[in-house]
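Protein chains: 2
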Amino acid sequence: MIAYLVAYDGELFYGFTGHPRSVEPALARALGRVLGRGSRTDPGVSALGNVVVSPELKPLGQINAALPRGLWVWGYANVEEGFNPRRARERTYVYIAPYRGEDVELMRRAASLFVGVHDFRNFAKGVENAITQIFSIDVEDRATYIELTFKGRGFKNKMLRKIAWAILAAGRGVVSVEELEELLKSRERRTPVPSAPAEGLVLLSIDYGIQFQIDRNILSRMFRYFQSKHQLYMSLSYSYIKIIENIAKLL
Amino acid sequence: MIAYLVAYDGELFYGFTGHPRSVEPALARALGRVLGRGSRTDPGVSALGNVVVSPELKPLGQINAALPRGLWVWGYANVEEGFNPRRARERTYVYIAPYRGEDVELMRRAASLFVGVHDFRNFAKGVENAITQIFSIDVEDRATYIELTFKGRGFKNKMLRKIAWAILAAGRGVVSVEELEELLKSRERRTPVPSAPAEGLVLLSIDYGIQFQIDRNILSRMFRYFQSKHQLYMSLSYSYIKIIENIAKLL
Numbered sequence: 001m002i003a004y005l006v007a008y009d010g011e012l013f014y015g016f017t018g019h020p021r022s023v024e025p026a027l028a029r030a031l032g033r034v035l036g037r038g039s040r041t042d043p044g045v046s047a048l049g050n051v052v053v054s055p056e057l058k059p060l061g062q063i064n065a066a067l068p069r070g071l072w073v074w075g076y077a078n079v080e081e082g083f084n085p086r087r088a089r090e091r092t093y094v095y096i097a098p099y100r101g102e103d104v105e106l107m108r109r110a111a112s113l114f115v116g117v118h119d120f121r122n123f124a125k126g127v128e129n130a131i132t133q134i135f136s137i138d139v140e141d142r143a144t145y146i147e148l149t150f151k152g153r154g155f156k157n158k159m160l161r162k163i164a165w166a167i168l169a170a171g172r173g174v175v176s177v178e179e180l181e182e183l184l185k186s187r188e189r190r191t192p193v194p195s196a197p198a199e200g201l202v203l204l205s206i207d208y209g210i211q212f213q214i215d216r217n218i219l220s221r222m223f224r225y226f227q228s229k230h231q232l233y234m235s236l237s238y239s240y241i242k243i244i245e246n247i248a249k250l251l
Numbered sequence: 001m002i003a004y005l006v007a008y009d010g011e012l013f014y015g016f017t018g019h020p021r022s023v024e025p026a027l028a029r030a031l032g033r034v035l036g037r038g039s040r041t042d043p044g045v046s047a048l049g050n051v052v053v054s055p056e057l058k059p060l061g062q063i064n065a066a067l068p069r070g071l072w073v074w075g076y077a078n079v080e081e082g083f084n085p086r087r088a089r090e091r092t093y094v095y096i097a098p099y100r101g102e103d104v105e106l107m108r109r110a111a112s113l114f115v116g117v118h119d120f121r122n123f124a125k126g127v128e129n130a131i132t133q134i135f136s137i138d139v140e141d142r143a144t145y146i147e148l149t150f151k152g153r154g155f156k157n158k159m160l161r162k163i164a165w166a167i168l169a170a171g172r173g174v175v176s177v178e179e180l181e182e183l184l185k186s187r188e189r190r191t192p193v194p195s196a197p198a199e200g201l202v203l204l205s206i207d208y209g210i211q212f213q214i215d216r217n218i219l220s221r222m223f224r225y226f227q228s229k230h231q232l233y234m235s236l237s238y239s240y241i242k243i244i245e246n247i248a249k250l251l
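Taken in sequence, the protein lines are chains E and R. Quick note on numbering: UniProt numbering labels position 145 of the first sequence as 145, and the sequence is numbered without any gaps. Quick note on numbering: UniProt numbering labels position 238 of the second sequence as 238, and the sequence is numbered without any gaps.
What the hints contain is simulated information worked out from the structure, not anything from laboratory work. Everything numeric in this text was worked out from a predicted model, so none of it was measured. Any given hint could turn out to be false.
Said to hold, decoys possible - Chain R stretches covered by chain E per the calculated footprint, using a threshold of three residues with CB under 8 Å from any CB of chain E:
#1 105 to 119
#2 143 to 156
#3 199 to 208
#4 211 to 223
#5 235 to 241
Unchecked claim - When the alpha-carbon atoms are kept at most 27 Å apart in a straight line, the in silico DSSO-like pairs for lysine-lysine are as follows:
#6 R:Lys151 / E:Lys58
#7 E:Lys249 / R:Lys151
#8 E:Lys249 / R:Lys58
#9 E:Lys151 / R:Lys249
To be verified - So the derived list for chain R, only partly shown, Cβ under 10 Å to chain E, looks like this:
#10 Gly44
#11 Gly49
#12 Leu251
Just so it is clear, CB atoms sit at the ideal spot from N, CA and C, and this is done for glycine as well.
Model the full structure from these sequences, guided by the hints.
Have a look at this one:
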């Protein structure tokens with residue numbers, strides 16, 4: 001069996017799986033079959049290092065030629081029969097939000113609540129067993145944006161987006177750290193915590209303790225793709241600011 | 001005849017006219033007929049206050065219900081037979097570029113070259129008569145982006161994007177103000193000046209000295225639309241930065 005490293009632009013797909021225009025069916029067409037996946041990311045979420053398992057090794061050039069725009073297979077590793085890509089040592093996600101005056105120290109205090117083993121039932125959606133471990137949540141102030149880096153073995157459905165919402169809400173004074181603590185410790189199911197927007201979340205990597213063969217040419221192509229989309233959306237979002245400002249003058 | 005105020009998100013259309021998925025055919029379906037237009041903006045260029053002329057007045061609610069997402073008619077004025085929307089007192093465009101360390105004083109010096117009446121043959125594309133007047137070019141440093149505001153009676157094909165390129169290139173030291181001056185004064189046709197990316201350009205308004213009736217409800221809807229797209233693209237462009245940084249570590 002082969003484990004493949006997969007990257008995609010979440011904006012161009014209807015989620016990872018379960019829809020004709022999601023990532024997985026496009027991968028299956030190029031790889032032959034997809035037997036397992038590392039993470040089923042939500043619609044709108046991008047990934048650099050997601051992993052899928054397929055029966056046989058095909059040349060990466062041939063695979064990528066059969067993939068649509070915004071989706072790449074950029075590495076592979078031979079893995080034993082029975083390798084389960086759900087079982088990882090560590091997953092790293094980053095959540096990005098434009099800076100809107102959040103108090104970074106309050107965000108760090110809120111983030112520290114979630115680190116460790118907890119029952120995340122009030123910070124997950126539709127799961128029976130919500131007990132899992134977060135290794136670390138790093139909160140960085142990057143001047144124009146806030147960056148939350150999550151490390152853990154595995155995360156429950158919507159858990160990262162709900163925790164991201166909670167940390168940002170604490171930083172904005174919308175909820176207190178004490179309220180979040182109470183909600184995390186409560187065994188009752190409470191009013192669901194909102195999920196922060198999907199487009200802020202990126203799956204960076206999944207560590208299985210195995211070494212992948214990587215293709216630098218494909219990585220270079222990905223680099224150029226994401227750089228040009230970054231520049232396009234940066235320019236567009238600034239252009240929209242001018243339209244917004246001018247509409248505001250008319251209202 | 002009726003002159004209508006038209007706004008659109010340039011990202012969603014194949015330019016203003018000449019393509020089945022451009023702005024004008026969509027307007028014509030909702031308005032009945034389009035007899036004239038204020039500005040034929042390039043593909044990718046957004047507008048807040050473009051103008052089209054149509055034979056009869058329809059209720060704005062009915063027009064907007066027939067328009068696709070990202071296109072609005074938000075005002076109207078009765079105009080005389082023979083009103084030519086190409087002939088305006090003043091057009092205002094803004095060009096936005098993410099800040100990349102440009103020298104703002106050099107940009108202001110470069111911008112001042114273009115103000116006044118000039119033959120813009122080396123800063124326009126495929127036009128016979130390139131003589132026109134720019135009233136002003138305002139260069140503002142908005143910390144994360146540079147904003148160039150152009151005012152003039154009318155601009156030649158690609159002229160604003162070529163002048164924006166020239167001003168930004170001067171600010172980055174790619175060309176000198178003296179070289180631009182020489183190019184503007186030269187009567188020979190030289191190697192074409194590149195055009196700055198279309199997504200940075202926005203048509204803000206066209207002044208005909210007439211008063212339009214405007215619809216605040218439609219403006220409010222436009223405001224929410226552009227605000228949510230601004231936030232989406234801001235978040236996405238920051239997410240792409242994280243992917244780019246992590247690819248760079250692997251290269």
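Mind listing which of the numbered hints don't hold for this structure, in increasing order?
Those not satisfied are hints 1, 6.
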